[in-house]
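Participant: Each chain, written out:
Protein chains: 2
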Amino acid sequence: MMVLVTYDVNTETPEGRRRLRHVARECVNYGQRVQNSVFECLVDPAQFAKLKHSLAGIIDKERDSVRFYFLGANWKNRVEHLGSNTGYDPEGLLVT
Amino acid sequence: MMVLVTYDVNTETPEGRRRLRHVARECVNYGQRVQNSVFECLVDPAQFAKLKHSLAGIIDKERDSVRFYFLGANWKNRVEHLGSNTGYDPEGLLVT
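Read top to bottom, the protein sequences are chains A and B. Residue numbering for the first sequence is 3 to 98, as defined by this note's numbering. Residue numbering for the second sequence is 3 to 98, as defined by this note's numbering.
Hints are computed from structural coordinates only; laboratory data are not their basis. Quick caveat, the model's predicted, so the values are computed rather than measured. Do not rely on the hints blindly, as some may be mistaken.
It does not matter which identical chain is used: a pair holds within one copy or between any two.
Below, in silico cross-link-like pairs of lysine-lysine (DSBU-like), each with a Cα-Cα straight-line distance of 30 Å or less [claimed, not checked]:
1) K63 to K52
2) K78 to K54
3) K78 to K52
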């Protein structure tokens, strides 16, 4: 399933900047960065549970926010884009 | 329909910072900010076309990126969240 991960991490402190790096580093293990704090992750339910668990362990729940959007099987028809594009298709070739 | 708008605007220049403000200001007219550069917009097709057209007119297509994700009617069951939450339900009461 395709899960969109978007996050806001409070980077006012060195600790916050560390959390931000760790959130991004974790998401890279599961999917493709399409914008600074937006990842598209093609995962099965078990992988998603693991990703969610590790992100929950990284963020400061009072100051940071992570949102997961389940785009479903038909996800390719659910996305449009304007501007510069890291365009890719996780199930196919890199679109440039 | 619920459309998720995510954007990255290059803010290295004063012009870029102006574009960022204008993108956010435009999105506020159509929906709710749930993260710094993530908006949830409950719009009909005509409203979406207008939003997309105005954002296309604001951004620098070489340096900025706007992505639209169509979450469909069942969108409330397609979202999960960790951490601090501006929680709201555009079709109901503000969730705090």
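Participant: Hint by hint, say whether it matches the structure.
Facilitator: Now the hints, each set against the structure:
Taking identical chains as interchangeable, the C-alpha atoms of K63 and K52 lie at most 30 Å apart only when both belong to the same chain, with a minimum of 18 Å there against 36 Å between chains. Within a single copy, K78 and K54 get their C-alpha atoms as close as 23 Å, and across copies as close as 18 Å, so both meet the 30 Å cut-off. Taking the shortest Cα distances, K78 and K52 sit within 30 Å of each other both inside one copy (24 Å) and across copies (22 Å).
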